[in-house]
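Can you build the whole structure from these sequences, using the hints too?
The residues making up each chain are set out below.
There are 2 protein chains.
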Amino acid sequence: MTQGFSLAIDAMGGDNAPDIVLDGLELAAERHPEARFLLVGDEARLGGMLALRKRAAKLCSLRHAPDAIPSDMKPTAALRQGRNSSMRLAIDAVAAREAAGVVSAGNTGALMALAKIVVKALPEIDRPALAAIGPSARGDVVMLDLGANVQCDARNLVEFAIMGETFARAVLGLPAPTFGLLNVGSEELKGDERLRLAAEILRESHVGAQFHGFIEGHDITAGTVDVVVTDGFTGNVALKTGEGALKLMRDLLRQVFTSSVPARLGYLLARPALDRLREWMDPRRYNGAILLGLNGVVVKSHGGTDALGFAHAVDVAMDMVNHRFNDRIREGLARLSAAVEAEPAAAALAPVVGETPA
Amino acid sequence: MTQGFSLAIDAMGGDNAPDIVLDGLELAAERHPEARFLLVGDEARLGGMLALRKRAAKLCSLRHAPDAIPSDMKPTAALRQGRNSSMRLAIDAVAAREAAGVVSAGNTGALMALAKIVVKALPEIDRPALAAIGPSARGDVVMLDLGANVQCDARNLVEFAIMGETFARAVLGLPAPTFGLLNVGSEELKGDERLRLAAEILRESHVGAQFHGFIEGHDITAGTVDVVVTDGFTGNVALKTGEGALKLMRDLLRQVFTSSVPARLGYLLARPALDRLREWMDPRRYNGAILLGLNGVVVKSHGGTDALGFAHAVDVAMDMVNHRFNDRIREGLARLSAAVEAEPAAAALAPVVGETPA
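Protein chains in written order, with this note's numbering: chain A, 3 to 360; chain B, 3 to 360.
Bear in mind the hints are in silico, worked out from the structure with no lab data behind them. Don't take each hint at face value.
Note that identical chains are pooled: a pair holds if it fits in a single copy or bridges any two copies.
[What the hints assert, rightly or not] With a cut-off of at most 27 angstroms between alpha-carbon atoms, the simulated DSSO-like pairs for lysine-lysine come out as follows: (1) K60 with K118; (2) K122 with K192; (3) K192 with K76; (4) K192 with K118; (5) K249 with K192; (6) K76 with K118; (7) K122 with K76.
All values derive from a computational prediction rather than experimental measurement.
Structure representation (structure tokens):
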């Protein structure tokens, strides 16, 4: 059955829902006039708001949800008590194959738990992973896993690499994205057995030519590769450490530029260039954490974002839907299995990949 | 036996040795007139250079070493072939208890390997750890392990915490440094069993009041704690990711301030304040990676640093020597064992700490 809707939209999730959700859809509608959105939430309220947003109104169908999941609700409670929530009904639409994906700015833990349990992982995938896009010196960089899996084995890392590579093709539009495994050194013997095994499999795979090998922490922002592959513990720490370092620098610059009258004047003179830098690093441009490896596209927008940020999250989800992201992943994993089976040197690794159901 | 020398100095290690080493000692001599340095290297060359540096000359005794370890030599080769090198003879002086510690700007891998094998770990310590000091929004922050141990168990993390806390008292001069365990969330149930067990032991220890619990990546630069405790894999990635993010920001700012005539002018006006920021974040202020948990103080200066940076590395080593750093660690570990034995709730954890030789 073909999905009737491109995306189900949780209209009630996020700090300023449903306003920024609808304003975001109005922006997104301009870029995706072919899309069809299933807007899930308080029907009476949404109907009136949608009447004021002409472009979005054309693409949206309303579905009533009497509840919303609070931002501080535990995932287990959301599972039990959230059956009539806008988030749950939007996710249900993906599970029922009414919509190809879902976008929500609501409770992250609840979205991840509901998506994993209701939408479920692709049969080829052992563990779904959380990915995001960030800035680097050479453009955008994709990193995964960012915390969905605290412990990972070689098979998980290989699957993350295939998913990340496919994601970079779909969303960054790169014809042959490069990727690397995050490690404590770039030499082949660095790291643990798990990393070395994953590297060996990837080198011999159909995307071996795009595999840069091991990379280090500084390579993330240097743009050494398009996709950084790591376990959820390391990825989560690296993401937050990088964000923390950038925040420290921003805060210190703010102090610098307000520390004296000449410094204030200097700021005013450099402002157009500083504004371009700020715009380039704008968190809204990088809004959207993506749960990869499920039977549908699942994008989490930041809860505190504005309409522009929500529209970016919709963009990412639409890119994935339009590129038939999951079909591409399944093809990639099938080619990986074939490569590993055909390559005698990789025979010893077969048990790892062999766990993949055919 | 009391050590005759405060520090053995590898005069021939680093990109600009022995010049910056001797200039660094001349600076350090001003701050540590009570110190005694064993200067190890090419005697003929060093004698003449020392004659030109009066303050350093007063504190230094020369010891001849015919060789120097090249910067690209593998640690295993350094062990076999470096027996007459300046680095090895400086380390030998620590092992022979002639000097309380060693400072070298030479080959990092060789220094770490030689120090571990020749100087050896303290009997109470399972695994030595690599620590460094960096900038945070609230002052300096210590982080360890930065890569000496890719895999760690709960006992290792607990020992790192005791060593880091002691280090922050000795080198940062804090009376009761706070510390936290790096994790993917601050809630008690986050992370793996190893982290939860380490946290439980630390909460019940004699430094439990200083234990902040779990922290996240962004807490490192936010200055949430004085000491960040983590395994060597995560610490190495976090350190390099944070450095990479700061470098990206510096590079982008350089572009901003050269992008137009007004921006250049703005830079000139804000320059005094920007220079203060640059000085505060100066990598030379944070020069020196410290291998903690050995039978002596071992400090690695950055190979490319200048005299000021080398003097800072000597400062760190002298602070550790003057505070009898290793005695403090042994006291800390003894108190930890006593606390764990006295606390009935921690009985289940005794096997972990019980591995510590009495």
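Now for the hints, and whether the structure bears them out:
For the identical chains of this complex, K60 and K118 are neighbours neither inside a copy (31 angstroms) nor across copies (70 angstroms), given an alpha-carbon limit of 27 angstroms. For the identical chains of this complex, K122 and K192 are inter-copy neighbours only, at 23 angstroms across copies versus 35 angstroms inside a copy, given an alpha-carbon limit of 27 angstroms. In the homo-oligomer, the alpha carbons of K192 and K76 lie at most 27 angstroms apart only across protomers (14 angstroms), although the nearest pairing inside one protomer, at 39 angstroms, exceeds that limit. Taking the shortest alpha-carbon separations for K192 and K118, only the inter-copy value of 19 angstroms comes in at or below 27 angstroms, while the best intra-copy value is 33 angstroms.
With identical chains, the CA atoms of K249 and K192 are at most 27 angstroms apart between copies only, with a shortest distance of 24 angstroms across copies and 31 angstroms within one. For the homomeric pair K76 and K118, the shortest alpha-carbon distance inside one copy (15 angstroms) is at most 27 angstroms, but the shortest distance between copies (47 angstroms) is not. Taking identical chains as interchangeable, the C-alpha atoms of K122 and K76 lie at most 27 angstroms apart only when both belong to the same chain, with a minimum of 19 angstroms there against 48 angstroms between chains.
When the structure is compared with the earlier hints, a violation turns up for hint 1 alone.
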